[in-house]
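**Student:** Chain B: place on chain A using the hints.
Protein chains: 2
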Amino acid sequence: MLRNMTNPLRNTATARLSALANQLVPTSQPIVASNTLSYQPATFPTNSSFSHPPQRYQQHNQQQHPSRSYSTMSQANQAAHPLTMIPGPIEFDDEVLAAMSHPAVPHTSPTFIKIFQESLQLLRKLFFSTDPNAQPFILAGSGTIGWDVVGANLIEAGDAALVLNTGYFSDSFADALEVYGAKVDNLKGPQIGSKPSLEQIEAALKAKTYKIITITHVDTSTGVLSDVEAISKLVKSVSPQTLVVVDGVCSVAVEPIKFDDWKVDFVLTGSQKGLATPSGLSVLFASAQALDVVKNRKSPSGSYFASIPRWLPIMQAYESGKGAYFATPAVQNVYALLASLRQFATSSEQLEERFAKHAATSDYVKDTLAKAGLKTVSVDRESSAHGMTAVYLPEGISNADLLPLVLKKNVALAGGIHKEIVSKYFRVGHMGISATTPSLGHIDTALNAILEALKELGYTY
Amino acid sequence: MLRNMTNPLRNTATARLSALANQLVPTSQPIVASNTLSYQPATFPTNSSFSHPPQRYQQHNQQQHPSRSYSTMSQANQAAHPLTMIPGPIEFDDEVLAAMSHPAVPHTSPTFIKIFQESLQLLRKLFFSTDPNAQPFILAGSGTIGWDVVGANLIEAGDAALVLNTGYFSDSFADALEVYGAKVDNLKGPQIGSKPSLEQIEAALKAKTYKIITITHVDTSTGVLSDVEAISKLVKSVSPQTLVVVDGVCSVAVEPIKFDDWKVDFVLTGSQKGLATPSGLSVLFASAQALDVVKNRKSPSGSYFASIPRWLPIMQAYESGKGAYFATPAVQNVYALLASLRQFATSSEQLEERFAKHAATSDYVKDTLAKAGLKTVSVDRESSAHGMTAVYLPEGISNADLLPLVLKKNVALAGGIHKEIVSKYFRVGHMGISATTPSLGHIDTALNAILEALKELGYTY
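Here the protein sequences line up with chains A and B, keeping their order.
With the UniProt record's numbering, the residue at position 44 of the first sequence is 44, and numbering never jumps.
With the UniProt record's numbering, the residue at position 153 of the second sequence is 153, and numbering never jumps.
The following block holds chain A by itself, in its conformation from the complex (with noise of 0.2 Å):
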């Protein structure tokens, strides 16, 4: 292992880092307060003048939510820890975290039916939607269940899906129709990395008639970001009846998606990662056309729980203001998940300002890790996603060596799990208040963590 090496060209390769360093110091990089790259540890300011308790949540919210900037998000109320920069769960706003201990209330009061309205309507804001026939969802459970809705729901024993394959949750969510009868054909691009052209799309469209076609967003295992705008926008002229499915687990909240102009039909994704809420929650979001599958189908829907026939009334009164059951939703995780919302969703404005951050941060990590020599796993800028950073590992130096090392700089990342590549590549998430609050530091302590320990490990380029 090149850590336990004394290897003649480290001398050099320190110089060399040095002088990247210096080369990136980004003087005119608005995203960044910390203008060195210098390594310097998270920042938890002992006081803030906009953080409050936790236990004071409750009254705080009967008041109107405060207008709130970015530069006021703050973890003054956490213990130091290590910075959780994997590409979901994320670091939490105070705000969010507090909301999570919200005191107990009955699921089906009228104090927390506000909170669920309040929390239903903001998705729509999030998605774009003033299509009122469109309905936003919110479950207790784990991002994934929204795989299984999709083919309880969406998928009748038979049905041909077409999945546009840019990693391993394509395949994940692939078996997860097939749990449902789906016939599944797969749509790659050319190598690890890409994804399928808008060409071979349209091609496979004229061949079959497919009941649903699948994007995921941003492949958390690849970093692939796919064009759900121009990939929808294809499906509904080429096949107007497939139904768009999104899995935005690893974009929603990060990357646009605007769900009527785009012709979208259904989205699902987790609270930990865009929506920057702890995990938890499976947020969905279907059209018109989707619940019209649904209502239509000629046998049940495959789940219980997963049962969009079932939670539809049941979203449909508590966004009216009217308590309903089902199941007991995870009423903690809403609190947080409305917390989250407010910061972000509230209006367009908002989200724009929201993505062009997470825009601006993603280039920033991809640029400063290109200069050093680093490859992402996504083939290019276009197909990357702003959320996360999927990169290569240099020659002779493996996870077990970085991965530690980093951790011991106080930053978390995360290995690879694209099963061809696995032990090739290591990923770093860039979301939440690490990408929209450079006040914070974590973007540089996660960069200069990274080129350090490369440095440490003797890395050169």
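Just so you know, the hints here were simulated from the structure itself, not pulled from any lab data.
A quick note: this is a predicted structure, and the numbers were derived from the prediction, not measured.
Among the hints, a few may not be true.
Chain copies aren't distinguished; within one or between two, either way the pair holds.
[What the hints assert, rightly or not] Taking lysine-lysine and the DSS-like style, the derived pairs with C-alpha atoms no more than 25 Å apart in a straight line are:
1) K183 / K298
2) K114 / K408
3) K298 / K322
4) K233 / K208
5) K322 / K295
6) K371 / K125
7) K409 / K114
8) K125 / K114
9) K371 / K295
10) K322 / K424
11) K408 / K322
12) K408 / K206
**Tutor:** Here is chain B on its own, set in the frame of chain A:
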């Protein structure tokens, strides 16, 4: 409505209720510290030597958990709020709520693996199980997902299921099993509030071979308690291949379940009742026999997310101290579950104390209501749950009269949910700290609120 009447009986009623209240002074009742039934708001002390601020939970957690008695349970960190005295979600201890605000931690990090591992280990203690081939599971989701896990894994299309039906939740469990192809026979007692007899069950088991028998340990719609021990032992003597499946949503951690001794095969529950943790977790426990049935299925599991074959290696990995990934667990909710389990599930003695406290509180609640002339839905004390009470409304008083009036006295109760008697009864929860820690005053506050409200509505008996 009685509320709006100038009722000549009211003065008499008041006098009688006052006399009743005097009779009820629980002079030798150890479970309730308060020695009068005069109305007292719930206490929310502003200071407690044990409580600690939520934001320091992580540090606290790294230390050995101190031994803690029920008398130190506290809500000092919580904003004043109406008491949630419904049969789940319930009132929470500060320490459990604080754990919900745990800062971000990667779901496969050594830090979180230890938390998940200890949670699984304590679930074994909770179920008095030492069989290494039995397996606890913790999934993100509502308790309801447990029904899908049973249906999708223990049932194959056409399998016969015997549902011991004691109310609305037994009906729903049957519905869930039918989604997965079960042929369900329901066995009921002679009236609402009763349960099928052992003789009925034995006859049914002898008449037909059932793949599974389901017992709703406590049906939350009726408050009926079933005798899991007697039924399970009967099943294993009459039809040993039949799997004994217990819906423990409203019983686990309130009523004892001696999993190995009683030869139970599967228990499912949610986090928000006896486990005294916010809603959002599905907790399961499977016997070696149940896992063998899953392993030997002819068809694949009928669900993707609710698949035992997919989760089993994950739970085994976490429990043995290694990370594994299938779907992201609800990290913060698991921290909260562990905080709660540490309070009562570290030893048999601790558990027996918890059950005894719930039983004593339940007797006190039921005695008090009986002395006020109110009837429970459950037909006798032996068939009555210890964590909740379903109570018939007095003639002429509706939930629309009673519940808002009780809520004005700072206590939230639940209405009816059993379809045939929905408007005729209400439900009171008495689980967790409300039952174990009389110094918090929850039980007396709730009982006083009910009795005072009835008095104001002109009730006499």
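**Student:** Indicate, hint by hint, whether the structure satisfies it.
**Tutor:** Status of each hint after checking the structure:
no.	hint	verdict
1	K183 / K298	both (17 Å within a copy, 20 Å between copies)
2	K114 / K408	between (44 Å within a copy, 19 Å between copies)
3	K298 / K322	neither (30 Å within a copy, 44 Å between copies)
4	K233 / K208	within (18 Å within a copy, 56 Å between copies)
5	K322 / K295	within (23 Å within a copy, 44 Å between copies)
6	K371 / K125	neither (38 Å within a copy, 54 Å between copies)
7	K409 / K114	between (43 Å within a copy, 21 Å between copies)
8	K125 / K114	within (17 Å within a copy, 39 Å between copies)
9	K371 / K295	neither (53 Å within a copy, 51 Å between copies)
10	K322 / K424	between (52 Å within a copy, 21 Å between copies)
11	K408 / K322	between (50 Å within a copy, 20 Å between copies)
12	K408 / K206	neither (53 Å within a copy, 64 Å between copies)
Hints 3, 6, 9 and 12, counting from the list given before, are not met by this structure.
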